[in-house]
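Read top to bottom, the protein sequences are chains W and P.
Going by this note's numbering, 110 is the number at position 110 of the first sequence; the sequence numbering is gapless.
Going from the second sequence to this note's numbering is simple: count from 1 and add 110.
Hints listed in this document are in silico derivations from the structure and should not be mistaken for laboratory results.
Don't take every hint at face value.
DMTMM-like cross-link-like pairs, simulated, lysine to aspartate or glutamate; straight-line CA separation at most 25 Å [unchecked claim]:
| # | chain 1 | residue 1 | chain 2 | residue 2 |
| --- | --- | --- | --- | --- |
| 1 | P | K188 | P | E154 |
| 2 | W | K2 | P | D167 |
| 3 | W | K2 | P | E154 |
| 4 | W | K42 | W | D55 |
| 5 | W | K2 | P | E124 |
| 6 | P | K134 | W | D58 |
| 7 | W | K42 | P | D173 |
| 8 | W | K56 | P | E193 |
| 9 | W | K2 | P | E121 |
| 10 | W | K56 | P | E154 |
From a predicted model like this one, the values you see are computed outputs, not experimental measurements.
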Amino acid sequence: QKEVEQNSGPLSVPEGAIASLNCTYSDRGSQSFFWYRQYSGKSPELIMFIYSNGDKEDGRFTAQLNKASQYVSLLIRDSQPSDSATYLCAVMGTGNQFYFGTGTSLTVIP
Amino acid sequence: DAGVIQSPRHEVTEMGQEVTLRCKPISGHDYLFWYRQTMMRGLELLIYFNNNVPIDDSGMPEDRFSAKMPNASFSTLKIQPSEPRDSAVYFCASRTGGRPQHFGDGTRLSIL
Chain W
1 QKEVEQNSGP LSVPEGAIAS LNCTYSDRGS QSFFWYRQYS GKSPELIMFI YSNGDKEDGR
61 FTAQLNKASQ YVSLLIRDSQ PSDSATYLCA VMGTGNQFYF GTGTSLTVIP
Chain P
111 DAGVIQSPRH EVTEMGQEVT LRCKPISGHD YLFWYRQTMM RGLELLIYFN NNVPIDDSGM
171 PEDRFSAKMP NASFSTLKIQ PSEPRDSAVY FCASRTGGRP QHFGDGTRLS IL
C-alpha cells in the first residue's frame, strides 16, 4: 500500500467550474498535509498546507482535511485555464518523513 | 530570499560518463532532499539529509549513485557510470523542521 494515494486523472473541468482533487494517506499519525502544483517542465510549487481538521481557504483554493477518514482534498473555485497543471498531494508522517502522491493532472477547458 | 539553487539546469552526456549534480539549499534549512522524476515513475525520493548527515538512502537505485553533503550549504548527487535509463529530471528540495519543502528548478539529465 502506498503512503499517499491520488487519482492520476486526467481531470477535465470547464472554465469557471469547481475542480476537486482528492488524496488519501495511510499513516494515521500524520500531522501535516501539503498541496503542490507542477506545471509541465517546471518544479513543484507549494500552494496550500493544512494541519488541522476542517477547511482552510486561500483565495480560490480551499484545502479540506479529515483525519478520521485519512482524507485531504483541494478545491479550486472559478477554475481558470492557468490552473491546468499536475497537483501533488504530500503528507508528513510520523518521524518527519515526507511522502508524495503520484499527482493528478488537471485540465481546465476554456 | 534565494530559493534552492541547482546546477546545471540541463546536462547531456554519453553513457558511461560521470555526472555530478549540485544543490545549494535555502539558508537555515536543515533538511535536504534529492528526487528523481520521470513520466513512468513520478517523483521518487532518492536520499535525504538532516544536518548534513544522510538519513535515508533507500531510494538510491544502485551503487552507481552517490550523494554527499559536506556542509550546510552544498550537496552533490553523482552518477558513475551513467546509463540511458538514468535520464530524468533531478530535483533538490530543502526544508526546516516540520515546514513545507521548497524545490529547486531541477536538472534535466539526458544520457545518450
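Results of checking the hints against the structure:
Proximity of K188 (chain P) to E154 (chain P) is assessed by CA-CA distance (about 16 Å); at most 25 Å being required, the pair is judged to hold. With a C-alpha separation of about 18 Å, the suggested pair K2 (chain W) and D167 (chain P) falls inside the 25 Å cut-off, and the hint holds. Of the pairs offered as hints, the one joining K2 (chain W) and E154 (chain P) holds, with about 12 Å between alpha carbons and a cut-off of 25 Å not exceeded. A distance of roughly 28 Å separates the Cα atoms of K42 (chain W) and D55 (chain W); the hinted pair therefore is violated under the 25 Å criterion.
Taking the CA atoms of K2 (chain W) and E124 (chain P), the gap is about 35 Å. The hint is violated against a cut of 25 Å. Only pairs whose Cα atoms come within 25 Å are accepted, and K134 (chain P) paired with D58 (chain W) is rejected, the gap being roughly 30 Å. Under the criterion of a C-alpha separation no larger than 25 Å, the hint pairing K42 (chain W) with D173 (chain P) is inconsistent with the structure, at around 28 Å. Taking the CA atoms of K56 (chain W) and E193 (chain P), the gap is about 45 Å. The hint is violated against a cut of 25 Å.
Pair hint K2 (chain W) plus E121 (chain P) does not hold up; C-alpha atoms about 32 Å apart against a cutoff of 25 Å. Restraint check for K56 (chain W) and E154 (chain P): the C-alpha separation of about 28 Å exceeds 25 Å, so the hint is violated.
Hints 4, 5, 6, 7, 8, 9, 10, counting from the list given before, are not met by this structure.
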